[in-house]
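Novice: Below, each chain spelled out in residue letters.
Protein chains: 4
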Amino acid sequence: MPRPAKQACATENDTICCKGNFRHKLQSVFLQLRQTSNQICAPLEIEDYGIQTMPDVSPPKWHLAHTSWFFETFLLKPFLPSYREFHPLYSQLFNSYYNTIGSYHPRPERGLLSRPTVQQVYAYREHINEHMLQLIEYANEDDWPEVFTRTQLGINHEQQHQELMFTDIKHIFFCNPLRPRYRESSHKSCIPEKLQWIKYEGGAITQGYDAAHSNFCYDNEGPSHKIFLQDFQIASRLVTNQEMMDFIKDGGYQDARLWLSDAWDIACKLGWQAPLYWEQRDDQWWHMTFTGMQTVDPHAPVCHVSFYEADAYARWANKRLPTEQEWEHVARPLPIEGNLREQDILQPTSNSTNHGLTQIYGDVWEWTQSPYTAYSGYRQTAFSDFSSEYNSKFMSNQMVLRGGSCVTPSNHIRPSYRNFFYPANRWQFSGFRLAEDNS
Amino acid sequence: MPRPAKQACATENDTICCKGNFRHKLQSVFLQLRQTSNQICAPLEIEDYGIQTMPDVSPPKWHLAHTSWFFETFLLKPFLPSYREFHPLYSQLFNSYYNTIGSYHPRPERGLLSRPTVQQVYAYREHINEHMLQLIEYANEDDWPEVFTRTQLGINHEQQHQELMFTDIKHIFFCNPLRPRYRESSHKSCIPEKLQWIKYEGGAITQGYDAAHSNFCYDNEGPSHKIFLQDFQIASRLVTNQEMMDFIKDGGYQDARLWLSDAWDIACKLGWQAPLYWEQRDDQWWHMTFTGMQTVDPHAPVCHVSFYEADAYARWANKRLPTEQEWEHVARPLPIEGNLREQDILQPTSNSTNHGLTQIYGDVWEWTQSPYTAYSGYRQTAFSDFSSEYNSKFMSNQMVLRGGSCVTPSNHIRPSYRNFFYPANRWQFSGFRLAEDNS
Amino acid sequence: MPRPAKQACATENDTICCKGNFRHKLQSVFLQLRQTSNQICAPLEIEDYGIQTMPDVSPPKWHLAHTSWFFETFLLKPFLPSYREFHPLYSQLFNSYYNTIGSYHPRPERGLLSRPTVQQVYAYREHINEHMLQLIEYANEDDWPEVFTRTQLGINHEQQHQELMFTDIKHIFFCNPLRPRYRESSHKSCIPEKLQWIKYEGGAITQGYDAAHSNFCYDNEGPSHKIFLQDFQIASRLVTNQEMMDFIKDGGYQDARLWLSDAWDIACKLGWQAPLYWEQRDDQWWHMTFTGMQTVDPHAPVCHVSFYEADAYARWANKRLPTEQEWEHVARPLPIEGNLREQDILQPTSNSTNHGLTQIYGDVWEWTQSPYTAYSGYRQTAFSDFSSEYNSKFMSNQMVLRGGSCVTPSNHIRPSYRNFFYPANRWQFSGFRLAEDNS
Amino acid sequence: MPRPAKQACATENDTICCKGNFRHKLQSVFLQLRQTSNQICAPLEIEDYGIQTMPDVSPPKWHLAHTSWFFETFLLKPFLPSYREFHPLYSQLFNSYYNTIGSYHPRPERGLLSRPTVQQVYAYREHINEHMLQLIEYANEDDWPEVFTRTQLGINHEQQHQELMFTDIKHIFFCNPLRPRYRESSHKSCIPEKLQWIKYEGGAITQGYDAAHSNFCYDNEGPSHKIFLQDFQIASRLVTNQEMMDFIKDGGYQDARLWLSDAWDIACKLGWQAPLYWEQRDDQWWHMTFTGMQTVDPHAPVCHVSFYEADAYARWANKRLPTEQEWEHVARPLPIEGNLREQDILQPTSNSTNHGLTQIYGDVWEWTQSPYTAYSGYRQTAFSDFSSEYNSKFMSNQMVLRGGSCVTPSNHIRPSYRNFFYPANRWQFSGFRLAEDNS
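Protein chains in written order, with the working numbering: chain A, 5 to 443; chain B, 5 to 443; chain C, 5 to 443; chain D, 5 to 443.
One or more hints might be untrue.
[Claimed, not checked] Within a straight-line C-alpha distance of at most 35 angstroms, the following computed DSBU-like cross-link-like pairs (lysine-lysine) qualify: (1) B:K81 - B:K198; (2) B:K81 - B:K29; (3) D:K323 - A:K230; (4) B:K323 - B:K253; (5) B:K273 - C:K273; (6) B:K273 - A:K273; (7) A:K273 - D:K81; (8) D:K323 - D:K253; (9) B:K273 - D:K253; (10) D:K192 - D:K230.
[Said to hold, decoys possible] Label pairs and their in silico Cβ distance ranges: (11) B:M297 - D:H191: 57 to 67 angstroms; (12) A:K253 - D:T295: 52 to 62 angstroms; (13) D:T385 - A:Q39: 20 to 30 angstroms; (14) A:Q96 - D:R285: 31 to 41 angstroms; (15) C:H303 - B:K203: 51 to 61 angstroms; (16) D:P92 - C:K253: 28 to 38 angstroms; (17) C:P181 - D:M58: 14 to 24 angstroms; (18) A:D287 - C:Q284: 39 to 49 angstroms; (19) C:D235 - B:Q288: 25 to 35 angstroms; (20) A:Y101 - C:E113: 33 to 43 angstroms.
[Said to hold, decoys possible] Short, incomplete list of chain D residues facing chain A, as computed with Cβ under 10 angstroms: (21) D315; (22) T377; (23) G381; (24) R383; (25) Q384; (26) Q402.
Keep in mind that the hints were calculated from the coordinates and are not lab data. Quick caveat, the model's predicted, so the values are computed rather than measured. All C-beta atoms, glycine included, are put in the ideal place defined by N, C-alpha and C.
One chain only, chain A, in its complex shape (with noise of 0.2 angstroms):
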């Protein structure tokens, strides 16, 4: 699950201007954030809020309740002296993981809970909302730099809740027999892209978060640092659903061959036959969207697929998955733009330019062969505060994915940006591009 992690060096940002009036333009891009959750719910039932489907996926009450509570366990209560919380069991119910605040509510029980009741969730969203105003307004010069960095991750925070909201919705929505929609649908057809290889020269190459691309990052994604990459290519597009199909006609998910030893024991565990979302009618491939089942388009990009199913259609067609250094070296120079969230079509599509690279931004996570470690030199410490809860305590057995998605938002990815999931997990909006070497 992608997690905000603390900010190591913004001084300013394209969306909090920290210039003249900063703290009414923080005021005016916090409220921005905080309506744009509620807009996110706007489609829900009262019954949808409270719904987990599995231990990844939490209620989208959850998420709007949880959000708060970063707010005020990491600044109303430390910096607000007038402050008085909105309830004092929510603190238990609303913390995520950090045990460093204390004991938490076990995550795949976060569906149980049918109180706090919606309205009484917006009320504590009110309440958080009004306190921040009055925080951002009136904390004095000593606090400010701590209250700007922490607002600033609290943001952040909230822009990846926004989109597990999107995704767990989703999934909530698969799992009912009754297939609701989220909207209605408003669906084109895909032009299909043709696949180009594009080459690239390795050498010394530095990498990590540049403030060139944006005055914030999380601390996973530096120090800068330098690297080798050897000579590479890589595809100009992202796969697509008919060279999944391909790969299905193909066998591919009946040949251990194509499987690393844990995938190919995970795809029989769980019966994997196709991404999650397909459904097979009468030889005829549906898939679930926020519009409910809808034919799966060919030449869209595949989506919904594990780091698992990517590595073995890659192996089917004698490639690979790009490293996130190969795929960071590809991104940096491009102006960050595509099917973000902001396009508002919260599904990826296929891209008509037709030439160069495309679909780098947006449509789907991409995928790469990289494990989620620390950067060289990234200094190491006891988990013992919240930022250090945030990013690197997940180090161990996931896989970096780059890029963003068609529901994340376009002030939130830049180059440097390091997602990651566990390789077994589908229900992001999760695809791959391919590479090779070139020799």
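Dock chains B, C and D against the given chain A, drawing on the hints supplied.
Specialist: For chains B, C and D alone, coordinates are given in the frame of chain A:
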């Protein structure tokens, strides 16, 4: 779980008068029943309706819909030609376990269904009510006997689910750290009740359903048949919380010698140290009630214990549990009165009478030492229609409970009534009284 | 699992003559018994002695040691002052489940013990034998009644484990793809046996252990008590493999309507499609025997079925299983003879008699429809000594089987003998015969 | 689990001389290897050969057979035309995981196989030996390069299983409450060794297999490739038992802040309180060794810790684990010597040198912070032949260990050797040394 069964032999009924304009009376009884289910849920928030805290528990919304599905499936579809089903998928979503009706939604996943909404479920109930009234009014004379019998069964079925709604709501509220109240407290202390031992002579005795007590029964209550009873004596009242606390203090929950082998395994695995819903705070026992957490009243009957705990207690006390035959023999001459649902106390209490047998009906279901099996002469058939699936397919691994509880309607209970649950179940209003051989 | 229980009332015994020089006779009976256990294991390789294929199965080595531990713990330590235990840890390693004796090695981990070696276990047996002979010879008169009673129980206990050795060895050999043979084949085809229905009149009948049949019994066979039986009829022979194949062909294993609710759950979970040990190869059924894989003889009694399968078959056949009372009533006047262990056939066969009741004793244990519970008048006490832990702590969730099998010694079985296993157990020599009401 | 991989580039080898009469030398090396495996098992009782204490552990008998199966499957069957397999079912029973070879016996059920017997397995080994000698002698010149390469791989494969035999035997003996000894004690106290920090300069460095060190490698050690290293320093010796005891005393196992998220989950679930094999008796730590239970020597390197424990310790010590690149850089110039198997100590010890780097080779495998992945330029292919299944299909979720242990043969280890296990594995001889950035 208590499950209603086929009507055996009823021609009239104190709740359903069959003489004169009994169709109108039946309509009135039916509407009253349906209204009661809604009233039980009246204190709930919309969010409470969808929660399933363990596989045994069903969301209140599911109970409301399932009881309606029962009427739709077994009455409206076969007997009301003009009837069109409310929603094509409801027959799958709200089937409980009737294999003969088709596939059904997995029981442990009932809590994952945000849709249909509570409002839609109430609309479904209204839809069923309207058409049931039509059917009762206009069913032709050929169909009538079957329509009447099935309606009577549907009413008894919904009464059982009303009891389950109470027990499930209690569990749902208990699992929430906020411990919501179902209603405001009106708690009164219980008066201590002296324990007496009442002697009974054995001999050749006829048992099973007797039309003199009730003109409805489930098939598992018959046929009437002869048994031998040895002389025995039985406790005048139920075992109390104080007595259970003595057992706890004496190390009863830690002493393997008191427990059946299977009992000890499950008590260790689940860490039982006291009845369900009990919590110790500063040397005082508290427990969950419909009015939130309350101190345990020492003189009230112990409740929410499994058969295994009742059996271990009895061994500790050098007594035993009664057989269901002994219980029935004792109960048969007694009036059907006690702390039943109409008293609206909603928890077991002591009885101030202080002489003779008390608490036979109401307060708590009484565990017996009898496994739930068919009576001699019971005709075993394939579970090929709804009524044969109702009761007899559960005749393995469960134990019989007798006498009804504080949430059982008084017109639902009778001397021959056999409730049954697994010996480890605790979330029902289940307690026990002691017996011993008369030697 | 069959477990011996406390001796109730024996003063003499056809196997253990107590008159005249009965101490020497008891020594002889004891040694014979001990030798038989060794002989059962004679065909084994050392490697076979240590295998545990499922928690229900114990390694043959464990049986050999545990039966010795029983004599050591309950006889030598309390009654032979000079006795020093063979090894200080054996009391933990070879205790089966006696909580009152102290902690014990976890049952599912019996197969992890390479030491003590087979040779050491045989040395342990020799050590016990020598000292038991001493004890029987020299026990003083005060101790003698208890020594005699416990020795008798120890002998019956080891006989039960001899039967378990056979069933466990069969399972161990079956789980090995090499399918070893316990001994060479001497297979003879079974003669078909006509099914007749034998009628019995009901009435007031006395049941339970009767000293006229045997001068030993377990406590669960008493006390003698009166019951009522309705008229009934019972099948003259056991259900055959051919009949089971008809059930299979008719889709019996796929038809939920034939199965109890718990039965259907477990049959689906474990994928039951035929009795245990059956395998289909080219439209021919084969099954595991002590002489390796053999074709299934259609006229032999079906074996290695659970209660659940027996019950489902009976429902399919529009019959039912007998109660244990009916079975005992039928068996009581019959001689104790049949395909028991002394016949050395080691698998069930048909009987050529072709008139009257056959196969009551031997061939297979017959599932009844009776849950294993205490008889009326049975005195329930805390499981505070070894005898009370022997039988009655298993009185929940198990079903009664009657009549012994082809691996039961003839001096171990009697009309009142109650064997008991969980309704899903299949690895014993368990089959069934049908009954029905006489209407 | 260490698994051998395809030979990349060997033409000669210090263990396998290819010059002159190298076929005879290869025969001699081969026989020596095979004899060593038998010698490792010499102290075992027949009963010990068949035990599997957890899925990760294989019975010693299985190792003996599986290593033979490897030669049979990949050499004798394809290259020795006259060869007839020893037993038709062995190819299924002793295949470890090669999906391309066909189905295989489930790993967790290896301990259920009493047959083939130990004697038969030794006969199988003899059979393989004879035919391998023939093959080496008479393989034609066309086949020879492949025969040589595969034989070399088979030899390295069996060496890896020799190490596993040691670790599995230790676990088998530990799980038995009798705690058998593999051999008699010759325990000597360790001399304390001062901790020094050795500084290294970073820069552009070439890593991967180098023919100068060894003329054999697995494919996962190549290709040779360039990396960047930052300046760093590394501990002169391994972390000791005393240091681990300090960590324990300081509450390290109870402090969530020190543990990776996945680590904390598994440490809680499995109840880790100390390294594997440690037991506390009266304030003294004991641990299992090949000479039975011994007190923990404070100055010996800590062993049988998981990556997770090593990582938590490092965080507690405000240091980190080295990367595999740092380790390789340090090791490259050093002679391959240390407490390896030839020393016949069979447990890690301190080094008396007291200056400079010690214990790089031998004692314990050293956990690094590097996930096991392909080097840049490694050619990923379908796992379509045995060599490609050897190493690369395990490239997910495992961590790299370096340097060999006290049970690794000295001709099996080299600077580029990459061992890999899951981060929670503890039953290998695994320990660690600390590193830190040089800032």
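Novice: Looking at the structure, which of the earlier hints fail to hold?
Specialist: The structure breaks hints 1, 10, 13, 18 and 19; every other hint is satisfied.
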